[in-house]
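What follows is each chain in one-letter form.
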Amino acid sequence: MVPQLSWYLALSAVLFTIGVVGVIIKRNIIAMFMCIELMLNAVNLTFVAFSSFFQDVTGQLFVFIVMTVAAAEAAVGLGIIIAIFRNRESLDVDDASILKF
Amino acid sequence: MLVLLFILFAGLAIGCAIALVAQRNPLYSAISLIGVFISLACLYVMLAAPFIAAVQVIVYAGAIMVLVVFVIMLLNVEQEERRRSRLGFLVPAAVVLAAVLVAEAAFIIWFVDKSHATPTQNISDTGLTSSIGSALFTKYLLPFEITSILLLMAIVGAMTLARRIKEIPAGAAVVPGAQVLPLHMFDRSVPLSDTRGVEAYGTEEVAEVLDLPDDHDLTKRD
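Each protein sequence line maps, in turn, to chains A and B. Note that the working numbering numbers the first sequence so that position 5 is 5, with each residue one more than the last. Note that the working numbering numbers the second sequence so that position 36 is 36, with each residue one more than the last.
In isolation and in its complexed conformation, chain A is listed as follows (with noise of 0.2 Å):
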């Protein structure tokens, strides 16, 4: 027996839900990003696995591209956490609930 292509569609899902659950409980903004990474990487085991059992290879392009949205999203998302610890001294959402002030 091997594994399946319904045990990578449900850990995919197991691991997508914990991040879901993480961005909304999290309130630091640093472990919000994470969880997001975290999402990302379960739909990236999605894609990896339909690739692989199809032998089509456009799903793992597919995770290229995500791959590279999610550096990009790094980059500028680091970028705009610096900026508000500046403003704001603290990286809890809460404090950061109001965009102008």
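What the hints contain is simulated information worked out from the structure, not anything from laboratory work. There's no promise every hint is true.
Keeping only pairs whose Cα atoms sit at most 20 Å apart, straight-line, the calculated SDA-like set for lysine to any residue is [said to hold, decoys possible]:
1. B/Lys-114 x A/Val-2
2. B/Lys-114 x A/Ala-13
3. B/Lys-139 x B/Leu-128
4. B/Lys-139 x B/Ile-38
5. B/Lys-139 x A/Phe-54
6. B/Lys-114 x A/Thr-46
7. B/Lys-114 x B/Ala-103
8. B/Lys-114 x A/Gln-55
9. B/Lys-139 x A/Ile-65
10. B/Lys-139 x A/Leu-9
11. B/Lys-139 x A/Pro-3
12. B/Lys-139 x B/Asp-125
13. B/Lys-114 x A/Thr-68
14. B/Lys-114 x A/Phe-62
15. B/Lys-114 x A/Ser-6
16. B/Lys-114 x A/Leu-61
17. B/Lys-139 x A/Ile-24
18. B/Lys-139 x A/Met-1
19. B/Lys-114 x B/Glu-104
20. B/Lys-139 x B/Met-153
21. B/Lys-114 x A/Ile-65
22. B/Lys-139 x B/Ile-155
23. B/Lys-114 x B/Val-102
24. B/Lys-114 x A/Gln-4
25. B/Lys-114 x A/Trp-7
26. B/Lys-139 x A/Asp-56
27. B/Lys-139 x A/Thr-58
28. B/Lys-114 x A/Phe-50
29. B/Lys-114 x A/Phe-54
30. B/Lys-114 x A/Thr-58
31. B/Lys-139 x A/Val-2
Covered stretches of chain A (chain B as the covering partner; in silico rule of three or more C-beta atoms under 8 Å from a C-beta of chain B) [stated by the list, open to error]:
32. 7-18
33. 23-36
34. 43-50
35. 66-78
These numbers come from a predicted model, not from an experiment. The beta carbon of each residue, even a glycine, is placed where N, CA and C say it ideally should be.
Since the structure of chain A is provided, determine the placement of chain B on it from the hints.
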């Protein structure tokens, strides 16, 4: 054997993901996330996708997490404090929606299971670097090029967001991450012995900070 490996790496991934959410210290969360990335890379190898596995370790566990840990260290993050939840009345709705979500996921997984997608037993070249490269540079050339524009925009955006301009007195403490340049680099009338610095990014902002006339070209030194 493969089943045992799958259970091992899947359990590792889920455990690390739960630790990521449960930790209060962001640094421990980051280390847990690296664990998730590594175990996912092992699963990619099991799925006969060695290129994606290598990129996963190099880009995610290497570059992105180094950036995250760097920012955590730079900002000297404190522990997350516990606050009273203001949305307690939504808990029943959350339970119902979670049940619906689980039912939907179970249906999809059952549906996929029924469709008899058989794993490849023979050797496939789908995940090899050469097949990914040839697809990337022929059929998917346009998305690949658009990706480069996206990365360029990210670089410019990150620089714009993280910059900071302020004239600082001599001997003052500098916020970590700011770029400090000596004042005489920008204004020739300042003697070299002047130790004042400028936290700045780009010549126009420096001209603004120093109150120089608009037509003062800082890039020309006579």
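Taking the hints in turn, this is what the structure says about them:
no. : hint                  : result
1   : B/Lys-114 x A/Val-2   : holds, 16 Å
2   : B/Lys-114 x A/Ala-13  : holds, 18 Å
3   : B/Lys-139 x B/Leu-128 : holds, 17 Å
4   : B/Lys-139 x B/Ile-38  : violated, 30 Å
5   : B/Lys-139 x A/Phe-54  : holds, 18 Å
6   : B/Lys-114 x A/Thr-46  : holds, 17 Å
7   : B/Lys-114 x B/Ala-103 : holds, 16 Å
8   : B/Lys-114 x A/Gln-55  : holds, 18 Å
9   : B/Lys-139 x A/Ile-65  : holds, 14 Å
10  : B/Lys-139 x A/Leu-9   : violated, 27 Å
11  : B/Lys-139 x A/Pro-3   : violated, 31 Å
12  : B/Lys-139 x B/Asp-125 : holds, 17 Å
13  : B/Lys-114 x A/Thr-68  : violated, 34 Å
14  : B/Lys-114 x A/Phe-62  : violated, 25 Å
15  : B/Lys-114 x A/Ser-6   : holds, 9 Å
16  : B/Lys-114 x A/Leu-61  : violated, 27 Å
17  : B/Lys-139 x A/Ile-24  : violated, 39 Å
18  : B/Lys-139 x A/Met-1   : violated, 36 Å
19  : B/Lys-114 x B/Glu-104 : holds, 15 Å
20  : B/Lys-139 x B/Met-153 : violated, 24 Å
21  : B/Lys-114 x A/Ile-65  : violated, 30 Å
22  : B/Lys-139 x B/Ile-155 : violated, 27 Å
23  : B/Lys-114 x B/Val-102 : holds, 18 Å
24  : B/Lys-114 x A/Gln-4   : holds, 11 Å
25  : B/Lys-114 x A/Trp-7   : holds, 13 Å
26  : B/Lys-139 x A/Asp-56  : holds, 13 Å
27  : B/Lys-139 x A/Thr-58  : holds, 10 Å
28  : B/Lys-114 x A/Phe-50  : holds, 15 Å
29  : B/Lys-114 x A/Phe-54  : holds, 15 Å
30  : B/Lys-114 x A/Thr-58  : violated, 23 Å
31  : B/Lys-139 x A/Val-2   : violated, 32 Å
32  : 7-18                  : holds (count 10)
33  : 23-36                 : holds (count 9)
34  : 43-50                 : holds (count 4)
35  : 66-78                 : holds (count 11)
Checked against the numbered hints above, the structure violates hints 4, 10, 11, 13, 14, 16, 17, 18, 20, 21, 22, 30, 31; every other hint is satisfied.
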